[in-house]
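**Q** Starting from the structure of chain A, add chain B where the hints point.
Protein chains: 2
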Amino acid sequence: MNEFELIARHFTGRGAQRKDVLLGIGDDAAMISLPESRALVVTTDTLVEGVHFLPDVSPHALGHKAVAVNLSDLAAMGAEPAWISLAITLPDKRHDWIEAFAASLADTCEYYGVSLIGGDTTRGPLSITITAHGLVKADKALRRSGANPGDWLYVTGTPGDACRGLELLQMPRGEITESCQIREKLEKRILYPTPRVAAGQALKGLASAAVDISDGLLQDLLHITKASYCDVEVVSEQLPISDALAQSVPESDRLRYQLAGGDDYELLFAVPEENRGSVETALKHFAVPFACIGRFKPGRGEVIVTRGGEPMSELWQGWDPFRDATHD
Amino acid sequence: MNEFELIARHFTGRGAQRKDVLLGIGDDAAMISLPESRALVVTTDTLVEGVHFLPDVSPHALGHKAVAVNLSDLAAMGAEPAWISLAITLPDKRHDWIEAFAASLADTCEYYGVSLIGGDTTRGPLSITITAHGLVKADKALRRSGANPGDWLYVTGTPGDACRGLELLQMPRGEITESCQIREKLEKRILYPTPRVAAGQALKGLASAAVDISDGLLQDLLHITKASYCDVEVVSEQLPISDALAQSVPESDRLRYQLAGGDDYELLFAVPEENRGSVETALKHFAVPFACIGRFKPGRGEVIVTRGGEPMSELWQGWDPFRDATHD
Numbered sequence: 001m002n003e004f005e006l007i008a009r010h011f012t013g014r015g016a017q018r019k020d021v022l023l024g025i026g027d028d029a030a031m032i033s034l035p036e037s038r039a040l041v042v043t044t045d046t047l048v049e050g051v052h053f054l055p056d057v058s059p060h061a062l063g064h065k066a067v068a069v070n071l072s073d074l075a076a077m078g079a080e081p082a083w084i085s086l087a088i089t090l091p092d093k094r095h096d097w098i099e100a101f102a103a104s105l106a107d108t109c110e111y112y113g114v115s116l117i118g119g120d121t122t123r124g125p126l127s128i129t130i131t132a133h134g135l136v137k138a139d140k141a142l143r144r145s146g147a148n149p150g151d152w153l154y155v156t157g158t159p160g161d162a163c164r165g166l167e168l169l170q171m172p173r174g175e176i177t178e179s180c181q182i183r184e185k186l187e188k189r190i191l192y193p194t195p196r197v198a199a200g201q202a203l204k205g206l207a208s209a210a211v212d213i214s215d216g217l218l219q220d221l222l223h224i225t226k227a228s229y230c231d232v233e234v235v236s237e238q239l240p241i242s243d244a245l246a247q248s249v250p251e252s253d254r255l256r257y258q259l260a261g262g263d264d265y266e267l268l269f270a271v272p273e274e275n276r277g278s279v280e281t282a283l284k285h286f287a288v289p290f291a292c293i294g295r296f297k298p299g300r301g302e303v304i305v306t307r308g309g310e311p312m313s314e315l316w317q318g319w320d321p322f323r324d325a326t327h328d
Numbered sequence: 001m002n003e004f005e006l007i008a009r010h011f012t013g014r015g016a017q018r019k020d021v022l023l024g025i026g027d028d029a030a031m032i033s034l035p036e037s038r039a040l041v042v043t044t045d046t047l048v049e050g051v052h053f054l055p056d057v058s059p060h061a062l063g064h065k066a067v068a069v070n071l072s073d074l075a076a077m078g079a080e081p082a083w084i085s086l087a088i089t090l091p092d093k094r095h096d097w098i099e100a101f102a103a104s105l106a107d108t109c110e111y112y113g114v115s116l117i118g119g120d121t122t123r124g125p126l127s128i129t130i131t132a133h134g135l136v137k138a139d140k141a142l143r144r145s146g147a148n149p150g151d152w153l154y155v156t157g158t159p160g161d162a163c164r165g166l167e168l169l170q171m172p173r174g175e176i177t178e179s180c181q182i183r184e185k186l187e188k189r190i191l192y193p194t195p196r197v198a199a200g201q202a203l204k205g206l207a208s209a210a211v212d213i214s215d216g217l218l219q220d221l222l223h224i225t226k227a228s229y230c231d232v233e234v235v236s237e238q239l240p241i242s243d244a245l246a247q248s249v250p251e252s253d254r255l256r257y258q259l260a261g262g263d264d265y266e267l268l269f270a271v272p273e274e275n276r277g278s279v280e281t282a283l284k285h286f287a288v289p290f291a292c293i294g295r296f297k298p299g300r301g302e303v304i305v306t307r308g309g310e311p312m313s314e315l316w317q318g319w320d321p322f323r324d325a326t327h328d
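Residue numbers (this note's numbering), protein chains in the order written: chain A, 1 to 328; chain B, 1 to 328.
For reference, chain A alone in the conformation it holds in the complex (with noise of 0.2 Å):
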């Protein structure tokens, strides 16, 4: 048996593979039949060691964070998750470890109703790609590009967890000050980041643009800003902190980790004045954390934080070196 057979073996038996699976793994290709009037939604994202995870990070955390930031691409456009292709590169054979790392992945593509359909194992050094794809209808996708003034700015759960969580994850035991769960809140928003199917689904049709937070807030919001044509001022008093960063960092450091610290998988989406109340409605219901921290403005893709209601011009000063150290 090889890897891959290894790693598919975890998928079978547990009622988590589509009907819309014509041909599974075991041919030259996978074959799925396709629902009429949805569109296909195609999304592929790498994880290197040592680049996006620390080389001694658990299989289970890996397996599990390789489908979700893949399944937070769809979700961020408002896709309903359905099928992943997995390519692995792997240094040796270490059995306990794919077992371990397969379980997670086939454990997570189950909560989200989604199938392997196939792949390929490598030798090399360690690496995977997915590539995860998602059906929506067409004219109620979300794109970057949609998003005009007066709309208003949201953002999902609490931006900034998951790079503390990797601060942490990278500090010598002894020079940690936090409370053990504290320490465990941040590290879990960095190893196991929550994709927000449900949201994305909440806001289709609702939403005038959407984008998922993977290099920082205000990196990912110029996306938006860049592809729709308008500014956004961002009300730095109104984003949303988690009670575990505000234990953990000082508070003049605090803005820097909500509006510059990456992986945190949250949604940042516009929603037109008129939206609001159904996005709300939906986003409670589906038990969403979010928050309104700003609106779009005339403007040509600027990103305006304001502090007190006065622009902070010295945001950006020495802040690119910690967001290299972030992601790529």
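Keep in mind that the hints were calculated from the coordinates and are not lab data.
Don't take every hint at face value.
Heads up, the list lumps identical chains together, so a pair's fine if it works in one copy or across two of them.
Capping the alpha-carbon separation at 27 Å, the derived lysine-lysine pairs in DSSO-like fashion look like this [said to hold, decoys possible]: (1) Lys-140 to Lys-226; (2) Lys-226 to Lys-297; (3) Lys-284 to Lys-137; (4) Lys-284 to Lys-140; (5) Lys-226 to Lys-19; (6) Lys-137 to Lys-19.
**A** Okay, now just chain B, sitting in the frame of chain A:
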């Protein structure tokens, strides 16, 4: 401009973007409009430096091959190639290398009518993962499992050339006795494999089973016999051989290359008696070289090779190390 944008730039203005791509590179995911009454065919292949290609391979050859090996899998299903996603991990920013790789990738895609719809660039040891998507009518798709006793076994091209080409590439110049024409022909088969897309189209609905040859003819033929629950008899005298291979290796060694050499990306397929005429006419129409090399018979999934009408019992002795050296 990041590396992926650099690669994507080579695809713009080539007229290769398909009309069914609703949203290409530049959003959280790509979005594709799907045709009615077609099934989606998906395959993923990774090429790792030092495993699947030599470290000094030209970016031009690599750009071609990364696409070709994936289209070969689609061809083996009888699918029409349509869209690819590219995940590339690069050790450093070698812009001229990326330019050459991207241009070749774009040329190969354009030739086959394929659009690049998205991907990911990451930092790390060189490795390329492509997920290729194609379309086929589900009831005409070529599976591995459809061969029946009495069906004829065919192969396209001249298997064995790529394997000898790889040996020549790795041989010290001084030891090569082949003429430069012969060397060039054989090396081209490993560096620039031809995905048999036209042959796959010609065979769909006519061949009863198909597979592409990546691990060696015998090895891949076992995929058909095991999935189809029948034996096959391969007549060694009918195996096609190129002039280049015939002149490059001693006659006693030929079979080893033809039967066990990997990386040819030729198609191996089963044809029911009543479809032989249609298949041969169609392949000639597309100018695809082919040969009938054997016949399926009742059995439990074995491959028997004959010489002078007798099974060659010595066939497998001493071959394993050779096979391990070619392909994983």
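**Q** If any of the earlier hints don't hold here, list their numbers in rising order.
**A** none
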